[in-house]
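Based on the provided sequences and hints, a complete structural model is requested.
The opening position of the sequence shown corresponds to residue 1 in UniProt numbering, with each subsequent residue numbered one higher.
In case anyone wonders, no lab produced these hints; they're calculated from the structure. Hints should not be assumed to be uniformly reliable.
Said to hold, decoys possible - With beta-carbon atoms standing in for the labels, derived distance ranges:
id, residue 1, residue 2, range
1, L111, P60, 18 to 28 Å
2, P119, R96, 28 to 38 Å
3, E136, W37, 30 to 40 Å
4, A95, A143, 19 to 29 Å
5, P57, P119, 29 to 39 Å
6, C65, T138, 46 to 56 Å
7, M127, C32, 21 to 31 Å
On a predicted model such as this, the values are computed, not experimentally measured, just so you know. C-beta atoms are modelled at their ideal positions from N, C-alpha and C, and glycine is treated no differently.
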Amino acid sequence: MLKKILLDGQSEGQEPERTQPTLAAVQQLQCCLNTFWSLDVSPKEYAYLRGAILFNPDIPGLRACLYIESLQQEAQRALQEVLQPLHPEEQGRFARILLMSSTLKSIPPALITDLFFRPIIGNADIMELIAEMLYEITGRQLAAAARMAC
1 MLKKILLDGQ
11 SEGQEPERTQ
21 PTLAAVQQLQ
31 CCLNTFWSLD
41 VSPKEYAYLR
51 GAILFNPDIP
61 GLRACLYIES
71 LQQEAQRALQ
81 EVLQPLHPEE
91 QGRFARILLM
101 SSTLKSIPPA
111 LITDLFFRPI
121 IGNADIMELI
131 AEMLYEITGR
141 QLAAAARMAC
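Shown next, in the form of structure tokens:
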């Protein structure tokens with residue numbers, strides 16, 4: 001993985017030209033972030049919101065959809081339980097936070113990659129890098145478990 005990042009741009013083949021993020025897309029991201037910042041989400045709220053967003057059962061081809069959906073519901077329930085004592089005067093806060101989080105779907109993943117990761121990873125495919133890291137970590141855990149079993 002490190003080799004792909006460090007040697008980027010030194011390959012003999014021509015890389016396809018990437019389009020630069022548009023001003024409209026960047027402004028859309030800024031608007032989304034400003035809205036989140038205006039909610040002043042606490043670290044606890046953010047942790048449960050992150051779980052509610054990441055455990056998304058609506059991904060095509062996903063296995064164990066019911067299990068993922070139950071994790072999402074659990075994260076949403078936990079978020080609601082955290083909100084009650086933190087913001088008892090704001091009855092609609094849970095709905096507002098979930099509505100704001102749905103705006104994240106309108107932000108293209110390529111925009112996030114281009115703005116925040118492209119300067120670091122170059123033209124390497126971020127999905128490929130993430131998969132490689134995941135398999136590397138999983139492989140290490142399996143190797144460690146095998147050593148402990150012996």
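* Beta-carbon spacing of A95 to A143 - inside the hinted bounds 19 to 29 Å or not -> At 46 Å between Cβs, range violated.
* Asked: Is it true that the C-beta distance of M127 to C32 lies inside 21 to 31 Å, as the hint says?
  -> holds (22 Å)
* **28 to 38 Å as the expected CB spacing between R96 and P119, which holds or is violated** => holds (33 Å)
* Asked: Has the hinted range 30 to 40 Å been met by the Cβ atoms of E136 and W37?
  -> Check passed, 35 Å falls within 30 to 40 Å.
* Asked: Do the beta carbons of L111 and P60 sit within 18 to 28 Å of each other?
  -> holds (21 Å)
* **Range agreement (Cβ of T138 with Cβ of C65, hint 46 to 56 Å)** => This hint is violated: roughly 22 Å between Cβ atoms.
* To do: Could you see if the CB distance from P57 to P119 stays within 29 to 39 Å?
  => Taking Cβ atoms as reference, P57 and P119 lie about 34 Å apart, which means the hint holds.
Consistency note: the structure conflicts with the earlier hints numbered 4 and 6.
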